[in-house]
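So the protein sequences, as listed, match chains X and E.
With the working numbering as the guide, the letters of the first sequence map in order to residues 3 to 129.
With the working numbering as the guide, the letters of the second sequence map in order to residues 426 to 698.
The hints are simulated quantities; they were obtained by calculation from the structure and are not laboratory data.
Be careful, since some hints might not be right.
Quick list of the computed label-pair ranges, beta carbon to beta carbon [unchecked claim]:
hint, chain 1, residue 1, chain 2, residue 2, range
1, X, Gly30, E, Tyr539, 16 to 26 angstroms
2, X, Ser7, E, Arg686, 25 to 35 angstroms
3, E, Gly652, X, Arg27, 19 to 29 angstroms
Covered stretches of chain X, as calculated for chain E (at least 3 residues, CB under 8 angstroms) [to be verified]:
hint, segment
4, 12-21
5, 111-122
Over 10 angstroms on every C-beta distance to chain X, these chain E residues come out as not near it, computed from the model [stated by the list, open to error]:
hint, residue
6, Glu456
7, Asn461
8, Leu471
9, Val522
10, Asn533
11, Asp546
12, Asn560
13, Glu575
14, Phe614
15, Ser670
16, Val673
Nothing here was measured: the structure is a model prediction, and the numbers come from that model.
Think of the CB as a built atom: it goes at the ideal place given N, C-alpha and C, for glycine as much as any other residue.
Each chain, letter by letter, is given below.
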Amino acid sequence: MSSRSLLVVDDSATFRQLLRMSLQRVNGISKADITEASDGAEALEKVKSSSFDLVLTDIRMPKMDGLEFVRQVRTELQRQDLPIIIISTKGADDDIELGMSLGASGYLSKPISIIRLRELVTSFLPE
Amino acid sequence: MTQKPEEILTLFSKSEELLELFRKGKAFTEELMCENERLRYRVVQLETEKLDLSDMLMKEIERVRLENKQLAQKIEFIDHRFHEVEQENKDFALRYVEVEEQNESLANLYVASYRLHSTLDPAEVVECIKEILVNMIGSEEFGLFVVDEETQELVLAGYEGEIAQRLDKERVAIGEGLEGMVAERGEPFFTEDAGEAGEVCACIPLKIKERVVGVIALYKLLAHKAGLTPLDHKLLELLAGHAASAIVSSKLFAQADRKLRTMEGFISLLRTR
Chain X
3 MSSRSLLVVD
13 DSATFRQLLR
23 MSLQRVNGIS
33 KADITEASDG
43 AEALEKVKSS
53 SFDLVLTDIR
63 MPKMDGLEFV
73 RQVRTELQRQ
83 DLPIIIISTK
93 GADDDIELGM
103 SLGASGYLSK
113 PISIIRLREL
123 VTSFLPE
Chain E
426 MTQKPEEILT
436 LFSKSEELLE
446 LFRKGKAFTE
456 ELMCENERLR
466 YRVVQLETEK
476 LDLSDMLMKE
486 IERVRLENKQ
496 LAQKIEFIDH
506 RFHEVEQENK
516 DFALRYVEVE
526 EQNESLANLY
536 VASYRLHSTL
546 DPAEVVECIK
556 EILVNMIGSE
566 EFGLFVVDEE
576 TQELVLAGYE
586 GEIAQRLDKE
596 RVAIGEGLEG
606 MVAERGEPFF
616 TEDAGEAGEV
626 CACIPLKIKE
636 RVVGVIALYK
646 LLAHKAGLTP
656 LDHKLLELLA
666 GHAASAIVSS
676 KLFAQADRKL
686 RTMEGFISLL
696 RTR
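Whole structure, please, built from the sequences with the hints as guidance.
Structure representation (structure tokens):
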């Protein structure tokens, strides 16, 4: 797997660090490949200015939540090709269903399983 | 009785024909006997060949039977080896999952301890403990209580869910209620599985050596979590020690910082006079 660029969006620095550590264990992903954002608005700016192969975003965040971020990426930026994995904190089916209907490519529930995370990330990052 | 010469000639001619016929018959009989002899010889030859072929066939059948037996033994061996390798593969797969779980556990523990000691701001420490409880343990409703040294009460320092509404003045006397009893005894309390709505009861004391500085009480897990896993127990054990020292050190730092600023203020005031 060649070098990939990932964007991790979560208001919790602890969770971002955990995701970063977990993602670094996926083949071909290094520390430098992972960019962090603490809310949807910051993530949207980063998506506009940089190219990413995959975005992992929490749903519940201040300023702009993960669902609104997905909606804006799909409808306003017209980025249908960018895989976005939403991460649900509450494990609520409604949030996940809404996120998927807005165009999310996959979902995870907190607390995340590293094995499941790796499977999902690998499936969205082709060889 | 005298015969005419013509009749005699006719008779002679017929006798000659008859003799010729006999001669041909003799030659044909001799030919038949010769052919018969040849065919008898051929039958003997074929009989011999048949016996030879039968022997060869029997030997070939025996050889094939032996080969078949050897192949069956080889197949049995390969089948046995295949099952052994399949079992080894399953064992390796299980071991791989175990190692992955251990890695997951270590990553969680590393991040939790790293985050707890990354700040000396009491509010950030509380926020960090909340993040660990939500994101790593998957608790939907919990309370973080800190011991108030002056009143010897547990004060709600951080929470998620409706816990604050249930507590009167957000304070619990030590020795009262589950949280107070855990703080008094310094021993953790766990229920095994989450209830239907994710209700669980886990209460752990935050201790520095034998001194209890706070309590973490979990009341409800996220809907998709069936109960606390071994990793959750490890994280809670880690929190019991590291969160306590992080809370105390951040408090001490904040106090020292406040005192330092006050002293600096006084010194500055004295200098200006």
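Here is how each hint holds up against the structure:
no., hint, verdict
1, X/Gly30 - E/Tyr539: 16 to 26 angstroms, "25 angstroms, holds"
2, X/Ser7 - E/Arg686: 25 to 35 angstroms, "44 angstroms, violated"
3, E/Gly652 - X/Arg27: 19 to 29 angstroms, "26 angstroms, holds"
4, 12-21, "holds (count 6)"
5, 111-122, "holds (count 6)"
6, Glu456, "88 angstroms, holds"
7, Asn461, "85 angstroms, holds"
8, Leu471, "70 angstroms, holds"
9, Val522, "7 angstroms, violated"
10, Asn533, "7 angstroms, violated"
11, Asp546, "13 angstroms, holds"
12, Asn560, "4 angstroms, violated"
13, Glu575, "31 angstroms, holds"
14, Phe614, "22 angstroms, holds"
15, Ser670, "17 angstroms, holds"
16, Val673, "20 angstroms, holds"
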